[in-house]
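Enquirer: The chain contents come next:
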Amino acid sequence: MSTALNQLPEALAAETATKGAGSSLRKDTIRNILRQRSAVVGLTILTILFLTAIFAPLIATHDPITSLRDLGESNIQRGDPPCIHALGCPLDKPEHLFGIDAVIRDEFSRVVYGSRISLQIGFLTVGFAIIIGSFIGAVAGFFGGWLDNVLMRLMDVVLSFPSLVLAIAIVTVLGPGLINAQLAIGIVSIPIYARVMRASVLSVREADFVTASRALGESSSGILSRRILPNALTPLIVQGTLGIGGAILEVAALSFVGLGAQPPAAEWGSMIALDRSLFFSAPHLILFPGLAITFTVLGFNLLGDGLRDALDPRLNR
Amino acid sequence: MTRFIIRRLLSSIPVLIGVLLLVFVLVRIIPGDPCTATYGEKATPALCSAFEVRYGLDKPLPEQFVIYAGALVQGDLGSSIRFGRPVAEMLVERLPVTVELTIVSLIFAATFGILLGVVSATRRNSPVDVGTMVVANLGVSTPVFVLGLVLAFIFAVLLKNTPLALPPSGRLSAGVSVIPLATAWGLQDLKGISRVLLDFFSNMYVFNTLITGQWAALGDALRHLILPAVAVGTIPLAIIARMTRSSLLEVLGLDFVRTARAKGLKERSVVVRHGMRNALLPVVTVIGLSLGAFLSGAILTETIFNLTGMGKTLFEAISGRDYIVIQGITIVVAIAYLVVNLIVDVSYAFLDPRIRLD
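Just so you know, the sequences run in chain order Y and C.
Position 248 of the first sequence, counted from 1, bears residue number 248 in the working numbering, the numbering being contiguous throughout.
With positions in the second sequence counted from 1, the corresponding number in the working numbering is that position plus 1000.
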C-alpha cells in the first residue's frame, strides 16, 4: 500500500510532464526550494564561492604559487600575521589580508585560488561516483537476479571499509596526487549512489507507465534511460549535493596526510599540512584555509538538506 | 533471534572474503614489482628473490591468496619493512590507543549529542534549538584535523597557565607512568593469546588505571584524552544531535504521546519515558553508522596529538612506503568495522522486534 502511494506522485509527475506542463512543474520546484531557509543560505554561500573561483585572478592580490621575495617584496617573514593598513598595521609593512605562509607566499591569494581546486574536487569526484554508481545501481535493480546479487555484494565489500582507510589504501597503490586522491574518494563513494539508484529503479520498475512502455515494445535501454532514470534523478541530485561536501572534506584529509594535492598547489588541505609546523606561532595559517573548507562544505550540506526537504513529496504534504 | 544472528553471521562471510580479496589485489597491483616498490634503490636481485620466496610471490596467485589468508587466520600480518617488527606485535601495542580514543569520543559524542538533540526538540525554534542546529551544521562541515589543531591552540597556548589548560600531545605527562597489568597482577610469566590480550588491555591506559586504582595516572591519561576525543567526537556528535532532534520531533507528534499528555503525565516523563524510548532506535543506528567517522577521525587526530596508535602508524607507513603495515592496518580496521556493524545490527534487532521478524 505504502509503495503504491509513494509511486503516485512520481507517476503523476511523469504524466504531467508528458502533457507539456513541464515549465510550471519546474517553477513549482524552484519555488519549493527557495522556500527552504537552509537551501537559500547554502545557495548564497555557494554563489559567493563560485564567484570567488571564477574571478580568482581579479580578487587575489598576489600570485598564489610564487614566493613574495621573488615578487620583490621585503620586510616580510614566514608566518607573518595578517597586515591591513586600515586596521593599524605599520605602513612600512606590505599589506597581506591573511598573512604570509611558511614558504613566504600571500595566504589570502592562496585561499582564493584554493576555491577553484575545491570546487573542481567536489564536482569531479561526485560526478565520477554518480556516473559509475548509478550505472551499477540501474543495471542491478533493472535486471535483478544473480547480477544484482553479485554487484550489490561487491558494493557491500567497498562499504565495509571506513571510506578514508580504503581511500588511503587505493592512493597508496595509485601513487600520491590530487587526481588519484579524487579517484580514490570517487571509488569509495560509488556504493552510495549505486544503492540510491537501485532503490529508485526498484520503486518504479513495476509502475504502470513502465509496463505501458514495455507493452509498446520499448527496449530495455530505452525504458532505463527515458522512463526510469528521470524518476530516479531527484534522490541522486540530493545525495550528490550532500556528497560533494563529504568529498571535499575527504580529499582535504588525504591532502593533509600527504596523499592528495602536492606542493605548491594552493589546495586548502595541503596548505594546512604544510603550515602545520608553524601553527603555534601562526595559527592564522590553519584558521583561514580551515574556515574556507568549513564554509564550502557547509554550503553544499545546507543546499543538500534544503533540496531534500523541498523535493521529497512526503515532506511537502 | 538466534536464526537472525546466524543468518547475519553467514551473510558477512562472503563480505569478509571480499574484503581480504580486495586488499590482496590492491597490494599486488602496486605499479612495479613489490620488491622494488618496497626496497627502492636498495633492491638487488638476491634480495628480491629472497623477498619473493619469503612472501610466496613466486607461486601462482590463487595459491598466494590461500597462503596469505592462512597466515592471517594465525594472526600473521607480515613484518614491517622499516622496523623489521611483526605488524601484529606493533598493532597489539598501538591498537589500544586508537580503541581507547574511539571509545572515549563515542561516549562524549553520544552523551552530548543526545542531550543537545533532546533540548532542541523540546524547545523547537527557540534560540537554544537554532543555536544547537547551527553548531551541529558547522560541526559536520569542519575537517577533524582543523578542529584538532584549533583546540590544541586554544587549550595549550591561549589558556596556558590557567586551570583550563590541557596537554596538546602524548598520552601521559613526563614523570607519570602506568604499571602494566601483567606486573600489577603478577602475571609476567603468562604466554600465548592470553598474554597478548592482557597486554592489549594493559595498553588502554584509562581502562588499566581504572581497574588497578592508579588514580593519579588515570587523571593524567584522561586529561591527555580530552582534546583528541573532542576533536574526533564533534562530527558524530553533530550527526547524533540532528538525528535525535528529528527522530524525537517525529515521535512527539504521534498519537500515543498525545494520549500520554492527555492522561496528565508530566512533560519530563512524556519526553523521557514515551518519546525517547521510541526515538532512540534511529539514533542507535546512526551511532553505529558513525563508526567509520570515528575511526577516520582517530586516524587523522592521532597524528596531530602525537598519539602512537593505528592512525599515526598508518601515517608513518604511508610516508615510509611500508606496504606490509598499510595492508595489515587496512585489514584489521576493515574486520573491526565489519564486526562492530554486525554487533550494531544484532543489537538493533534486539531493540526492534520488527527487524528480526522481517
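None of these hints come from the bench; they were simulated from the model.
There may be inaccurate statements among the hints.
Here chain Y is said to cover these stretches of chain C; the calculated rule only asks that three of the stretch's residues, wherever they fall, bring their Cβ under 8 Å from a Cβ of chain Y [to be verified]: (1) 1041-1048; (2) 1246-1252; (3) 1296-1303; (4) 1309-1319; (5) 1332-1344.
Example chain Y residues on the side facing chain C (calculated, C-beta under 10 Å, incomplete) [to be verified]: (6) Leu91; (7) Pro94; (8) Arg153; (9) Thr172; (10) Leu216; (11) Glu218; (12) Ala273; (13) Leu274; (14) Pro283.
Now the stretches of chain Y that chain C is said to cover, found in silico as 3 or more residues with beta-carbon under 8 Å [unchecked claim]: (15) 68-82; (16) 119-125; (17) 160-169.
Just so it is clear, the structure is predicted and the values come from calculations on it, not from any experiment.
From the three backbone atoms N, C-alpha and C, an ideal C-beta is built for every residue, glycine too.
Enquirer: Each hint should be assessed against the structure and marked as holding or not.
Expert: Going down the list of hints, with the structure as the test:
With a cut-off of 8 Å between beta carbons, the stretch 1041-1048 of chain C has 0 residues touching chain Y; three or more are needed, and the interface restraint is violated. Three residues within the 8 Å Cβ limit are the bar, and the stretch 1246-1252 of chain C against chain Y gives 0, so the coverage statement is violated. Coverage of a stretch by a chain is defined here by at least three residues with a beta carbon nearer than 8 Å to that chain's beta carbons; for the stretch 1296-1303 of chain C and chain Y the count is 4, and the condition holds. By the rule of at least three residues with a Cβ nearer than 8 Å to a Cβ of chain Y, the coverage given for the stretch 1309-1319 of chain C holds, with 4 such residues.
For a cut-off of 8 Å, the count of residues in the stretch 1332-1344 of chain C with a CB near a CB of chain Y stands at 5, and the three-residue condition holds. Residue-level restraint check for leucine 91 (chain Y) is violated (minimum Cβ-Cβ distance to chain C is 29 Å; threshold 10 Å). For proline 94 (chain Y), the interface hint is violated, the least distance from its beta-carbon to any beta-carbon of chain C being 26 Å, above 10 Å. Because the smallest distance between the Cβ of arginine 153 (chain Y) and any Cβ of chain C comes to about 6 Å, under 10 Å, the interface hint for this residue holds.
The interface hint given for threonine 172 (chain Y) is met, as the beta carbon of that residue sits about 5 Å from the closest beta carbon of chain C, less than 10 Å. Look at leucine 216 (chain Y): its Cβ only gets to about 37 Å from chain C, farther than 10 Å, so that hint breaks. A cut of 10 Å between beta carbons decides the hint on glutamate 218 (chain Y): the least distance to chain C is about 35 Å, and the hint is violated. The beta carbon of alanine 273 (chain Y) is positioned within 10 Å of a beta carbon in chain C (closest approach about 8 Å), and the interface hint is therefore held.
Because the closest C-beta pair between leucine 274 (chain Y) and chain C is about 13 Å apart, greater than 10 Å, the hint is violated. Against a cut-off of 10 Å between C-beta atoms, the interface hint on proline 283 (chain Y) holds, since the closest Cβ of chain C lies about 5 Å away. Proximity of the stretch 68-82 of chain Y to chain C, defined as three or more residues with a beta carbon under 8 Å from a beta carbon of that chain, is not established by the 0 residues found. A stretch counts as covered by a chain when three or more of its residues have a beta carbon under 8 Å from one of that chain; for the stretch 119-125 of chain Y and chain C the count is 0, and the coverage is violated.
Only residues whose beta carbon comes within less than 8 Å of a beta carbon in chain C count, and the stretch 160-169 of chain Y has 9; three or more means the coverage holds.
The structure fails to meet hints 1, 2, 6, 7, 10, 11, 13, 15, 16 from the earlier list, while all remaining hints are met.
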